[in-house]
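Could you put together the complete structure from these sequences and hints?
Those protein sequences? They're chains F, P and Y, same order as listed. Here the working numbering is used: position 339 in the first sequence is 339, and no number is missing along the way. Here the working numbering is used: position 148 in the second sequence is 148, and no number is missing along the way. Here the working numbering is used: position 334 in the third sequence is 334, and no number is missing along the way.
To be clear, the hints were calculated from the coordinates, so they are not data collected in a lab. Some hints here could point you the wrong way.
[Said to hold, decoys possible] Restraint ranges, calculated between C-beta atoms of paired labels, are given here:
#: 1; chain 1: P; residue 1: Ala-78; chain 2: Y; residue 2: Ile-631; range: 34 to 40 Å
#: 2; chain 1: Y; residue 1: Ile-255; chain 2: P; residue 2: Trp-81; range: 51 to 57 Å
#: 3; chain 1: P; residue 1: Trp-81; chain 2: Y; residue 2: Pro-337; range: 42 to 48 Å
#: 4; chain 1: Y; residue 1: Ile-317; chain 2: P; residue 2: Leu-64; range: 34 to 40 Å
#: 5; chain 1: F; residue 1: Leu-60; chain 2: Y; residue 2: Leu-76; range: 27 to 33 Å
#: 6; chain 1: Y; residue 1: Val-504; chain 2: F; residue 2: Leu-54; range: 30 to 36 Å
[Said to hold, decoys possible] Derived coverage of chain Y by chain F (criterion: at least 3 residues anywhere in the stretch with Cβ under 8 Å from a Cβ of chain F; other residues may be distant):
#: 7; region: 15-27
#: 8; region: 37-44
#: 9; region: 267-280
#: 10; region: 301-311
#: 11; region: 401-407
Every residue gets a Cβ at the ideal spot worked out from N, C-alpha and C, and that includes glycine.
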Amino acid sequence: MSTVTFRTSGLIALATVSTATMASTTDAPLNYFLHSYGPAAKPTMHLGWLLAGLSVAVCLIIALLLLAAVLRKRPLADPRSIGREGEGLRWIYIGTGISTCVLFGLVIYSLMVLNEVAKPPQAPAVILTVTGYDWWWKIEYEHDDPAHRFITANELHIPVGQPVLIKLKSADVIHAFWVPTLAGKTQMIPGLTNQQWIQADVPGIYTGQCAQYCGAGHAHMGLEVIAESAQDFEKWQNAQRRTAPLTFMSNEDPGHKLFMDRCAGCHTIRGTSAAGDHAPDLTHLNSRRWLAAGLLTNTPDHLMKWVINAQRLKPGSRMPSIALSESETTELALFLSTLN
Amino acid sequence: MTDASPFNQLLPVGSKGKLSGGWWGILALIVTEGSLFGYLLFAYFYLAAQTEQQWPPEGLPVLLMPAVNTAILLASSACVWISEHCIRRRQIYWSIAAMILAIALGICFVMIQLTEWDRKTYDMTSSLYGSLYFTITGFHLCHVIIGLVVLLLLLIWMALGYFDDRRYAAVTIGGVYWHFVDVVWLFVFTTLYIFPYL
Amino acid sequence: MAISDMTHNPPDDRLNRVPDFGRAPMGSGTEAHLAHIWESLPGWRGWFSTVDHKTIGLRYIVTAFIFLLMGGIEALIMRIQLAGSNHALLTPEQYSQLFTMHGVTMIFLYALPILSGFSNYLWPLLLGSRDMAFPRLNALSYWIFLFAGIFMYASFPLGQAPNAGWFNYVPFSGPIYNTGPNIDVFALGMVLLGISTTVGSVNFVVTLFRMRAPGMTINRVPILVWGTLTASVANLLAIPAVSLAFFLLWLDRQIGTHFFDVANGGKPLLWQHLFWIFGHPWVYAIVLPAMGIVSDALPTFCRRPLVGYAAMALATIATMLVGFEVWIHHMFATGLPTVALSIFGAASMVISIPSSVAVFAWIATIWLGKPVFKTPFLFFAGFVMLFVIGGLSGVMTAAVSLDWQLNETYFIVAHLHYVLIGINVFPVVGGIYYWFPKFTGRMMDEKMGKWSFWVMFIGFNIGFFPMHVAGLLGMPRRIYTYSSRMGWDTVNMIISIGSFIFAVGILIFLVNVALSLKRGARVGANPWDAATLEWSVSSPPPAYNFAAIPIIASRHPLWEDRLDEDTGRSSLTEGYLLTQGRETIGTSPIDAKPVTILKMPEDSSTPFFVGLFVSLMFVGLLLHWWNFAGIMAAAGCIALIIWMWPQKALAQRVPSAAHSHGEAHD
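Right under this line is the structure:
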């Protein structure tokens, strides 16, 4: 499976359009019905299989009963005759009796599953906060030492095989945090801190998506969870904690100046005077796989396309389309390329 | 059905007391209006239980005037009951007198409630409590005013000689609405004035 | 009571009388007199002032069906947009208005009003009465429904329609994130519509308890009546929650209160509680009467009474009782404590027990009957299958942890369409095929009918079953587009194709209606050889419904001679005549013994004006024309006072002295 999720981009999924629906499920990154990679999702997936199987079985039984009832041969009788009212109650007793027993079984099983996935089996290894914004995700890693805390966006790294506790907040309207192959969704409600835990048992990249209608950008509010070994995770954290490596960029650099004039009101680059907090932290922009919350792969080309055409690519986005001359574009691109 | 005798009985015609459609209609209306106030008070308790604000903003509410006002409203209810009772006993003048008293007491309630509003240092928009307080008491005051219009109409109709002991369904119907408005006040009063003490 | 009155006052036949009992066959003098009393004025004056429940019922059905078509067109536009990935037919804002108006239209302006239409038309005919308990209130209910619908649609052409989804979560719908008039239109429109639904519900409840023909004891009323009664009681208890929620939201938006304002201690979850406390009972309110349609009409085509009448009636009520305890299942993902989730999850599963009673009752009815394969039967049998599928996907979402996955995906969209189209639209269309001869006196075309069923049934399943799969593939609802890398292309194309096939089915049905109105074969009183009372009167029924109010002795008045049960015989042609003005008989709530002669109001245009003034008041509130709103409120009050003014003709006040023995107090 890790080969599946480790693909560098999702372009391959396109190839399966012509195949049958169920076959293409393997290529749907949010397919929680066939794939689950951690203890917060797996029991639910099995519950889903049982319920779906049972539902299909019941549908078939009822369909057969109905067909038989409609089509069965009947003795000839006076066409004006009317059946007797008192008959047939046995159908209700038996049918409802069986349904009730099955339902009570399901109630118990579903409550057991709920209990299993409601809390992590051991204390969480990492605690982080995800805050929903219109329309992206702010991610804050906590640490006892304030100097070790850091902020990133739209791409969440976790150590493999360990429970991670995620505190969920919202900066504006209600969003929902949902990485379906790792866990169910939880609403992010302003004024309230909700919690959710996830655990990935296999290294890989897991796609997530906002699951509560939140406005124009709702369709383009994706995120990714990257589960990696403890060492890789530690390495990533250390890299993220660093401020921007801008030593060779003087304040007089035109790209730097452009950024400070046009972008710094909303974006932060740690280590510079850019400290806006309405938009993703760009300190390590180029370490991320995607731009604009899962809209575009993060290439220099896409980046400048996004800066210039944000409103066309993600209508209604809080990011304005920035009018830049050709030379400005080159300068800004050069500056942004340093944000490793 | 050749034997029609069971269907041969004398039946009242039209809106006779609790046989009238209006009586059943008002009961249904009371159920739905009662639910409305139920949800309003649910909203109050839901928000009060989670608040981190000073609740109410002015500290514990002063009970004297609201308590007197509650008594006034209950007295008004009693007058409406007496008025209906008198019609049934064909004492139409007593009935009119009781109705006038009921309306006067109702107006007193409204005036006192308005001065209560006036005394508040906050309004609907200044805090969550203010929003709740004025919305809940406002909803109730609206009902009181509608009730007073109903009582006034009943009074006019009585004075016009529309009702006697044979036909007075409107008085029963209007009366039970007024009693409902008063009972709702008891819940509102308990919530807004007694509950903060608990 | 009646006796003691008489000791004081000599009998006054305007206040007490022995009703005439007898026959009034078509063409007799009594019958002509009744027709004269009950028929509405011809022309536009009669059009505005009629209070005939049959006219109002048909208006409800036609209006609601037009809303269904509008909501359907909105859906088709969305399906074009979603047919493939990255389509750019619609902007996100257009898409949000479309899906919101689609939901609002289908759920509020179609689903309940159409059932109110059936119930309005059928109740008095089913119950053996000459009208509903409050005919003028009935007219008011319709007018406000119509005005509320127009109100909510008025901003659509301006591009300012409601845009936050039909459940309209705050703070997205609050003053900060939604600054246009969109949500105010929705909020005020919903309060207005709530008035219509409430007065309509009051009317149904009182009608059931007061207006049944003598002998129609509570255990003899048709299941449709149980369904609408249960729905109406639920509406009385639940509508205030949503009206209040929308009113508080409007206050937050326009006055500056803080109920949902997070910065000042307001709580977004309060909205969700108030909305779903209403929302879930509402879901049952818009299916129970439709289930009643099937329970009453299916037996006609199975040539036998419904199996398990009592069980079905109790199941209807039980569904609604539990229906009030399950609203949290719309909020499983909001971070509520696990214990609460467990309880509400369990209740949400248990609620399917009464549904299984219904399913097995219908199947047993078919099994033990001798099905007649007419179009309505196909719709009702198809309905049973869709009911089961919708019910089972409901059970799946009741499992809390699974709902954390399914919730807000296309799986839910599939579920709710199986419930709403399967359990509402299919019985409604089947019901129109069934009662069309009663409405119009003409049959609908059978061949085209069967075509419409199969195209609708197949199109529906192609259009909506794959939505389950889309949901399991993780497709969230309410996204206006999606990327091809999500793997949702194929399934969405199938869904879009199916939705258009379904639309063709509806179109065939409409063509059938149009043609049959003109050319359908003329029918007599009872073309289906059905059992219930509405088929005992001519098609279409006369204005007074029953010339002689029947005396009922069983659940199947028209099958009594063929049911070998020792129930008595109902008297359908001989009964109370009640010809002194518009009158009908009032009976006791449980055992339906005659207790009073009810005077029914004449036609009146006051309901139209009350409705108009109230609606204009809401227009004033929307546009901040405060003075105008105040004037309209006053005008509405005056119209109401005129309406309520006690009338001698209705014996609401004592008659003038000339005829009786003087005023009591003299």
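Hint check:
1. P/Ala-78 - Y/Ile-631: 34 to 40 Å: holds (36 Å)
2. Y/Ile-255 - P/Trp-81: 51 to 57 Å: violated (37 Å)
3. P/Trp-81 - Y/Pro-337: 42 to 48 Å: For P/Trp-81 and Y/Pro-337 the Cβ distance comes to about 46 Å; the hint holds.
4. Y/Ile-317 - P/Leu-64: 34 to 40 Å: Violated: the Cβ-Cβ distance is about 48 Å, outside 34 to 40 Å.
5. F/Leu-60 - Y/Leu-76: 27 to 33 Å: holds (31 Å)
6. Y/Val-504 - F/Leu-54: 30 to 36 Å: Since the Cβ atoms of Y/Val-504 and F/Leu-54 sit about 34 Å apart, the hinted range of 30 to 36 Å holds.
7. 15-27: violated (count 0)
8. 37-44: Answer violated; 0 residues pass the 8 Å Cβ test.
9. 267-280: Holds: 3 residues of the region 267-280 of chain Y have a Cβ under 8 Å from chain F.
10. 301-311: holds (count 8)
11. 401-407: holds (count 6)
Consistency note: the structure conflicts with the earlier hints numbered 2, 4, 7, 8.
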